[in-house]
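Number of protein chains: 2
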Amino acid sequence: MLMLRAVPRRRVRLPPPPLPPHRSSSRTDIGPGAPNPGGGGGGGRVVPVLAALLGLGAALSYGERRRRAAHAAAAPPSYPRYTREEVGRHRSPKERIWVTHGTDVFDVTDFVELHPGGPDKILLAAGGALEPFWALYAVHGEPHVLELLRQYKVGELSPDEAPPAPNAQDPFAGDPPRHPGLRVNSQKPFNAEPPAELLAERFLTPNELFFTRNHLPVPAVEPGSYRLRVDGPGGRTLSLSLDELRNRFPKHEVTATLQCAGNRRSEMSRVRPVKGLSWDIGAISTARWGGARLRDVLLHAGFPEERGDEWHVCFEGLDADPGGAPYGASIPYGRALSPVADVLLAYEMNGTELPRDHGFPVRVVVPGVVGARSVKWLRRVTVSPAESPSHWQQNDYKGFSPCVDWDTVDYRTAPAIQELPVQSAVTQPRPGAAVPPGELTVKGYAWSGGGREVVRVDVSVDGGRTWNVARLAGDKAPLGRAWAWALWELTVPVTAGTELEIVCKAVDNSYNVQPDSVAPIWNLRGVLSNAWHRVRVSVQG
Amino acid sequence: MLMLRAVPRRRVRLPPPPLPPHRSSSRTDIGPGAPNPGGGGGGGRVVPVLAALLGLGAALSYGERRRRAAHAAAAPPSYPRYTREEVGRHRSPKERIWVTHGTDVFDVTDFVELHPGGPDKILLAAGGALEPFWALYAVHGEPHVLELLRQYKVGELSPDEAPPAPNAQDPFAGDPPRHPGLRVNSQKPFNAEPPAELLAERFLTPNELFFTRNHLPVPAVEPGSYRLRVDGPGGRTLSLSLDELRNRFPKHEVTATLQCAGNRRSEMSRVRPVKGLSWDIGAISTARWGGARLRDVLLHAGFPEERGDEWHVCFEGLDADPGGAPYGASIPYGRALSPVADVLLAYEMNGTELPRDHGFPVRVVVPGVVGARSVKWLRRVTVSPAESPSHWQQNDYKGFSPCVDWDTVDYRTAPAIQELPVQSAVTQPRPGAAVPPGELTVKGYAWSGGGREVVRVDVSVDGGRTWNVARLAGDKAPLGRAWAWALWELTVPVTAGTELEIVCKAVDNSYNVQPDSVAPIWNLRGVLSNAWHRVRVSVQG
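Residue numbers (the numbering used here), protein chains in the order written: chain V, 1 to 541; chain X, 1 to 541.
To be clear, the hints were calculated from the coordinates, so they are not data collected in a lab. All the pointers check out, no bait thrown in.
Which residues of chain X face chain V? A few of them, derived with a C-beta cut under 8 angstroms, are:
id, residue
1, P415
2, V422
3, D458
4, N468
5, V507
Values in this document were obtained by computation on a predicted structure and should not be read as measured data. We put the CB at the ideal spot given by N, CA and C, even for glycine.
Bound conformation, chain V alone (with noise of 0.2 angstroms):
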């Protein structure tokens, strides 16, 4: 459904990413024989129509393959060199715009227009190397993609490159590698998104470029030697092992949208400023989690299914301050034991184990609620009448009134955050691009907390004056366990010369919406930013 758009012309067409995973065919509502809200926009069923554009591309791609490849046959056969740094101050079309493969370095200022996925993307990897991003999009693996790139080469890697070596005095020093992709907010504690570009593209964000919320260094864990300890009723306490987790309990796997509280707080700080990272659209990510149910492990370190209201299920985690307080956080007891809450202790992501930056070995998963709540690099699980004394559970993750500032906010008078409000954004277009004349295709994601569905989202080209509705994808859900972000689409006709504002907006099965405006959520902490998204484009004279 994503690849049903026009084919723009001056574009080589290469296979197109992977769709979104369509699990379940009972949410019908983009195909020509269901209800369509939209109105507008091509039916067809999705695999018929994407083996069609899969044949159509590599038509394409093959004949401008052929041209060029002639062209490049009168490059020289031999390089200069070139340090990653110089490299790296090449990622504009001003300085011409470089990317390395292996040894190579290539010029692809020519090739940025003509490249099938969107210029865009890739220019994500300007100045850089492209495996990182290859290594998400499988299509890039084909000879022939290698074939296209050879015409633009114009130098060698020097020899000598290496990586700098790690700092020792630094904690942060023993934090893993990451994507160049990720827009880092923060480096130390490492806090970055996903390029917004590359967002929506697929219904499961690659692990390389899930969001990544840290508050401490990574720990590093040696897989043998953890253990999970849980404190169980009567002083007895169980001590769990990584075998032991993954052999004793049931394995469990559940797709689940994560959205940090402080997502969109950009937004928040241009009404006036707020204490926080500075995170875009991109603090939010889904992933198919595998691991044991807590509500299992509870059962079996011998707590009741029932223990009043009151009482709270608290982690710990294996990173902690110079202090050696944790990170820590809790939830309420009857989400922690619900069956249908689907609260796990998970150790896989997408099918792998844990990546270091999102909790290896073992990291809670709080589906539905705020990021803060889903502990990682988890040490201990504890049962409580209060919740978790942490920092992030007193004094932080908490909404106000715009009327409270540093000097009268109290945070006893706020609950903790734990299941989000209704929200959504735009993925594509960027602010400020320049769009060509004709159709425009705008794509998102929408996503509410506490499992409620998102049913639609109203979409505008003219700051909110006219709506209309986009089309959905993802799957259905069982009632009340909507953990996943829907992706969306419309294609509406936009005029040369125009100046566009798009806004979306979502509803959820509770028919929450998302208010109008900032100011008026705005908060000193920047938390709950979910007033409408807008977003300003130009149409190509």
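Given the coordinates of chain V, assemble chain X onto it according to the supplied hints.
Chain X in isolation, oriented as in the chain V frame:
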């Protein structure tokens, strides 16, 4: 707490109406020793302050009473006779304001401004009988109240006054008598709301004032022959008499707010016309419901605890259209069976049997869900893989984008409303009021669907430019089971001669907020009208 306002100098102060019940002291954010998010307003424990005010009120009213009683001694001993119709013409200061009590007629024009409960409250009885209002506020039963009233006597009712005979041809002829204080939006079928002035005066809405949303004539049910039919699994049918429902199943009590999907529709129709009754802010009320749990009845009938998410429990009422089609609705099976969703087959409302307008002898009460699913005069319960086939489930009570009109609407594309979004409204002062300078107390209600607790109400008196946090009154409910509204109030200084635009917006514990404006949530049926509530008033010069 609701009495914490300055005593106006020019008003007699009688004992105030009862406070909302505070069954639990765990919600302490209105006391002085607990966090006060608003930071403003006086504190004080509720009970001592109330006692002090009661004493003060009694002393003030005593002095006033003595002065006026001396004046009344000179009044003539015999009076002219009037019909009720003649009395009914005296509803404004221009024609003088008359009321009746028993067979006596009073001209209370000069007392209106002295009325301890406020002039707006006594005006609700203008042109009619005092008794229905006095019945709601026990303070009027004290002897000095009648003594006070006697001085305003101007006549007596004609002895041949009798109610008009009902029209036997009228299908609505059997409808019950109603309280004259209700604001009637439709007489046949009867649809009416409590006056906003009284809406937030009490935590539990008196049965007589509870908003009434009838789709058809009120059935006349003989309780002795009433049977509730429950179609059990395997073709077995359960038939329950009222006594069996009362005696075979534990009585369960729940305090729950019901709200019509069309509450505040009048604001939406000011944007563009919509189809539907023109509800003001009063299609919402709160009662203490008593009855059997639907869950218990369904388990007794042989249904299992769980049956997949695609099943539904369908209800039929005894109210039927001329073709015999009953009112009907359904809720998801999971909610019906949930041990914490508190769905009732109610036979009691605020401690008495259900009034006829509210479903006598048995109605469904689905807390946290749109009122339309709480089927009244319940005759039949079925379990089905499909939602109720009723018009009101399939082709009404659904939300659409503002871009959908009657030419393009497809009811299959939107989910039937179940949980409602977060809501709030200002009940005092009323739009257009001229309020005294000094301190203004703003009052209102706030509520959210799905058992989500209201955690904050922001109030502005400058149209939303700046905000204050209101004080909340209400019970602390178990997590996810906050079925009842929160009443709130805020006292702010106001300057003589200014114009105020009062605005309120609520936040629930999923941090969902209300949208800023009406137009972007406009829909052709005028449902789900939950934008910020705005009330313009002037401050007397």
